[in-house]
Amino acid sequence: MAQDSIRNFSIIAHIDHGKSTLADRILELTHAVSSREMREQVLDSMELERERGITIKAQAVRVEWKGHQLNLIDTPGHVDFTYEVSRSLQACEGALLLVDAAQGTQAQTLANAYLALENDLEIVPVVNKIDLQQADPDAAAAEIADLIGDSPEHVHRISAKTGQGVEEVLDAVVERVPQPAGDPGAPARALIFDSSYDQYRGVVAFVRVVDGSFSTREPLRAMALGTRFEAEELGFFSPTRRASRTLEAGEVGYVITGLKDVSRLRVGDTLTSERRPAAEPLPGYKDVKPMVFAGLFPTDSDDYPELRDALEKLKLNDAALFYEPETSQALGFGFRCGFLGLLHMEIVRERLEREFDLDLLVTAPNVAYRVKPPHDDWVEVHTPSDMPNEVEEVEEPYIKASIIVPKEYVGAVMELNNDRRGRFDHLEYLSEERVHLTYELPLAEIVLDYYDQLKSRTRGYASFDYDVTGFRPGKLVRVDVLVAGESVDALSLIVDRDSAYDRGRLLVERLQKEIPRQQFDVAIQAAIGARVIARETVKARRKDVLAKCYGGDITRKRKLLEQQKAGKKRMKQVGMVEVPQEAFLAVLNLDGEKK
Amino acid sequence: MTRHLYVHLPFCAHRCGYCDFVTVVGRTGQHGAYVDALLAEFELERELLAPELDTVFLGGGTPTFTEPAALERLLHALPRAAEVTVEANPETVTQERARALRRLGVNRVSLGVQSFRQRLLVVLDRVAQPDTVRRAFYHLRDAGFDNISFDLIYGIPGQSAADLEGDLGDALDLEPEHLSCYELEAKPGTRFTHAHGEELARQADAMETYFELVVERLVAAGYRWYETANFCLTPDLADGRDLRARHNLAYWLGRDYLGVGIGAVSTIESRRWRNTPRLQRYVTALLAGRRPERELEPLPLEVQRRERVMLGLRLDEPLAVDGLTEALDGAALERLERLGLVRNSGETLTLTARGRMLGGGVTADLLA
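Protein sequence lines correspond, in order, to chains C and G. Heads up: the first sequence begins at 0 in numbering that gives the first Met the number 0, then just goes up one per residue. Heads up: the second sequence begins at 0 in numbering that gives the first Met the number 0, then just goes up one per residue.
Do not rely on the hints blindly, as some may be mistaken.
Said to hold, decoys possible - Only pairs whose alpha carbons sit at most 25 angstroms apart, straight line, appear in this in silico DMTMM-like list of lysine to aspartate or glutamate: (1) Lys556/C to Glu336/G; (2) Lys564/C to Glu296/G; (3) Lys538/C to Asp53/G; (4) Lys558/C to Asp328/G; (5) Lys285/C to Glu83/C; (6) Lys558/C to Glu182/G; (7) Lys547/C to Asp162/G; (8) Lys538/C to Glu198/G; (9) Lys547/C to Glu174/G; (10) Lys371/C to Asp286/C; (11) Lys547/C to Glu207/G; (12) Lys547/C to Glu268/G; (13) Lys547/C to Asp53/G; (14) Lys564/C to Glu325/G; (15) Lys259/C to Glu354/C; (16) Lys556/C to Asp328/G; (17) Lys547/C to Glu46/G; (18) Lys558/C to Glu184/G; (19) Lys556/C to Glu296/G; (20) Lys547/C to Glu296/G; (21) Lys558/C to Asp321/G; (22) Lys312/C to Asp356/C; (23) Lys564/C to Glu184/G.
As the list claims (entries may be wrong) - Pair by pair, the computed Cβ-Cβ distance ranges are: (24) Glu346/G to Ala539/C: 26 to 34 angstroms; (25) Ala539/C to Ala319/G: 24 to 32 angstroms; (26) Arg26/G to Arg353/C: 54 to 62 angstroms.
For the record, the hints were derived by calculation from the structure and aren't laboratory data. Every residue gets a Cβ at the ideal spot worked out from N, C-alpha and C, and that includes glycine.
Taking the hints into account, I'd like the entire structure generated from these sequences.
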């Protein structure tokens, strides 16, 4: 289709602000899905299309509206995938900025709206859920207009649920979103904005063709990684999969690559044709690196092979997931895994437990550190216990945190950020009631319980987003924990030198509570190098008997002992000490104790 | 053939707050019918018993609260045995009743003393006064009983170490042949725990040493700590008699036993069963000539082995490990030896004194 009839757009919205419902209405209005087939959240429920054994989620859907081809491109939903979101936005010329009329702008919406503005996207502001009783469309419209520098009258007021106002939004997409501006005659270039993996067809790339055109069976190349393959099939989703002989400049669609290794095709890379290759890739490719690391250990050490297989399978669909084998003397065999951020970690953990039915012990997360040992080159450290005893310099990742709160909580948020080595950056009023704060913080300060603290100190009103900005030097030391004289690698932590003593003390106090009394005294120590900075003792038990046991009691008492034994088996043996799994998470909420 | 018979007499004047046995309050009108049912069950199972019994044990409830004529009829009908024990509450032991028990062949009485402190007896809902206990003891002695056991409870809410010392001293002054000392178990959800749980939690640390205190004091007074919670005068202080409770010893040595009565448990030839705890159903079934409803539990070999370990380690005598190795966790055994809690001769296991103080956890560790 000619480029002047094509419009490519995304919907930017906070979770639950109605993105899926709006997509449903659009599919219905454009007759992509008949009312008979209509069910809630078509795109989400269609995520596993099983036709011919292929299982791909439709990351972009093509519809027709008044003679125009509209491509609605999905954006990944959360903070850890900022880079992926930015690629999806780069594939568009416009975006619907969708805000809940009752809840107003959220930090995540804001972050993505800024991304859209940076990408020069035409923004069509939309306030949704105007049918709700507690809706305040005027306030939401004022906030959103202020944000994008538009007038509140231009903000669409709709109800995606009832369909009210949705046609006008589609008209606005056609009128306001610019047509694609690539060169149909130039060597072919397409941006990979998402990818997925199918066990039979291999990697499936979702692309936006910028210049030229692609056809089936054409030899292709990913320009950044240099990966070569043949386009086994091209096409688009509408919303079911439709193969097509070509994809033209301005169009959005999929390419089945047949590649069996997801790491060979990265989001953000540029596809070109081998026959007439482009000279330059599209701008903006970044190699995304994991920033948050945690050890994953099977609760039952026999499950190690299952965990390895599960990670291998997950990795197929999640190129950002990093893992390598790790051996902990306390926890046995497991994996050190790297994640883009906390939510990414949560998603992986949940999938491992739910889809693969694994019982996992996840150690407290830490960040990646850049370390310069004396007389040696910089190395990256992913595990606290790997931090060398002597270092010349250490660098840690920093983030720019964006927080939106009602004004009465600004003080609470500032206090929290100060406690977390945060540096104030900027404060602005989004409306009379709501304030947008930005801070620079070490990533390490938010990986533990920052989000929980933020929520509890603002009664749940704060919304939060962040972006990793780079590495900076820090005054960091490694604190080790010794249980009955044995160093427990899984409990080591890297902390700011100024808070090492406090952290060490809190940690041993917490462990003293978590480790049950044993048959002998157990010393728990925190140490920096050879210097012990805190010590507690778990006193030995002096009695532990089943008071009486006669003919009528035997079965019950036997079961009691069997349960006790099973409980002990679930604990981790550190030397002679039985340490419950929970103790390894003691480091997670050290700050909860401070208050 | 089974040589040990347990008879359950569930009736009590009232229910004490801490008690979790199968008991029935009052209902004096039904005692006769219940004894009829007991004897009917006994007749039904008689073939399981050896012609000569070693022990008979009447437990409760409060066996001595049972209506006298009914109790007499029961004792009369039961077979003789080398040891015949009856549990008794002090307030039910009159001179007359003591003599009657003796006449009917009872040769051992286990007296539910619990404490000699008035204040603590009240906490336990006990009716007896300290002097009632002493009077009962002398009635029994006067009637000719030369094997009397006291039940004592420690860890009572409000009990100080001095209180416990006092209880032990008062008990020892009477020179009973045998003592059973139990730590109070406050079961979650009971009326007692509801009333005293917080107090107990506060005292938990202070009471940690009470078990040691009990053992030290009784051993110093010449008693043998022959089972986790049981003590008897050593033979040299008792004319050479072995005063261990023979009936209970049968449980701890893993012997078969028949139990009759509501809630009573039997273990015979790899099978265990528990009678219904419901009085009416029990009586109705047996008076109609049927066996009462029972909960059956098969005891496969591996379970029997574990029970042998669990029960055997409660005793002060070495446990022969022959045939039990599969039930034992070798790594744990090694660790416990190193910690000085278990002695392992290769053929036998013995818990050290500290090992016995920690016997519950040590046994759990040892089980494979």
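Each hint, compared with the structure:
For the suggested pair Lys556/C and Glu336/G, the alpha carbons sit about 24 angstroms apart, so the restraint of at most 25 angstroms is met. At roughly 21 angstroms between alpha-carbon atoms, Lys564/C and Glu296/G fall within 25 angstroms of each other, so this suggested pair holds. Proposed proximity of Lys538/C and Asp53/G is contradicted: the alpha carbons are some 45 angstroms apart, above 25 angstroms. Proximity of Lys558/C to Asp328/G is assessed by CA-CA distance (about 17 angstroms); at most 25 angstroms being required, the pair is judged to hold.
Our distance criterion of 25 angstroms between C-alpha atoms is met by Lys285/C and Glu83/C, whose separation comes to about 10 angstroms. A distance of roughly 20 angstroms separates the Cα atoms of Lys558/C and Glu182/G; the hinted pair therefore holds under the 25 angstroms criterion. Taking the CA atoms of Lys547/C and Asp162/G, the gap is near 22 angstroms; set against the 25 angstroms cutoff, the hint holds. Simply put, Lys538/C and Glu198/G have alpha-carbon atoms about 22 angstroms apart, close enough for the 25 angstroms limit, and the pair holds.
Distance check on the hinted pair: Lys547/C and Glu174/G sit about 23 angstroms apart at the alpha-carbon level, within 25 angstroms; holds. Straight-line distance between C-alpha atoms of Lys371/C and Asp286/C comes to about 23 angstroms, which keeps the hinted pair within the 25 angstroms bound. For the hint pairing Lys547/C with Glu207/G, the CA-to-CA distance comes to about 17 angstroms; that is within 25 angstroms, so the pair holds. The suggested pairing of Lys547/C with Glu268/G holds, with an alpha-carbon distance near 24 angstroms, which does not exceed 25 angstroms.
At roughly 22 angstroms between alpha-carbon atoms, Lys547/C and Asp53/G fall within 25 angstroms of each other, so this suggested pair holds. Annotation: proposed proximity of Lys564/C to Glu325/G holds, straight-line Cα distance about 15 angstroms (limit 25 angstroms). Between the alpha carbons of Lys259/C and Glu354/C the distance comes to roughly 21 angstroms, so the proposed pair stays at or under 25 angstroms and holds. A C-alpha spacing of about 19 angstroms is found between Lys556/C and Asp328/G, which places the hinted pair at or below 25 angstroms, so the restraint holds.
With a CA separation close to 30 angstroms, the supplied pair Lys547/C and Glu46/G exceeds the 25 angstroms bound. Between Lys558/C and Glu184/G the alpha-carbon distance is near 17 angstroms, which keeps this suggested pair within the 25 angstroms criterion. Restraint check for Lys556/C and Glu296/G: satisfied, since their Cα atoms lie roughly 14 angstroms apart, inside the 25 angstroms limit. Taking the CA atoms of Lys547/C and Glu296/G, the gap is about 21 angstroms. The hint holds against a cut of 25 angstroms.
For the hint linking Lys558/C to Asp321/G, the alpha-carbon distance of about 23 angstroms falls within 25 angstroms, and the restraint holds. A C-alpha spacing of about 14 angstroms is found between Lys312/C and Asp356/C, which places the hinted pair at or below 25 angstroms, so the restraint holds. Simply put, Lys564/C and Glu184/G have alpha-carbon atoms about 21 angstroms apart, close enough for the 25 angstroms limit, and the pair holds. One distance hint, 26 to 34 angstroms for the beta-carbon pair Glu346/G and Ala539/C, holds here, with the actual separation near 30 angstroms.
Evaluation of the 24 to 32 angstroms hint for Ala539/C and Ala319/G yields a pass: the beta carbon distance comes to about 30 angstroms. A hinted range of 54 to 62 angstroms holds for the C-beta pair Arg26/G and Arg353/C, which are about 56 angstroms apart.
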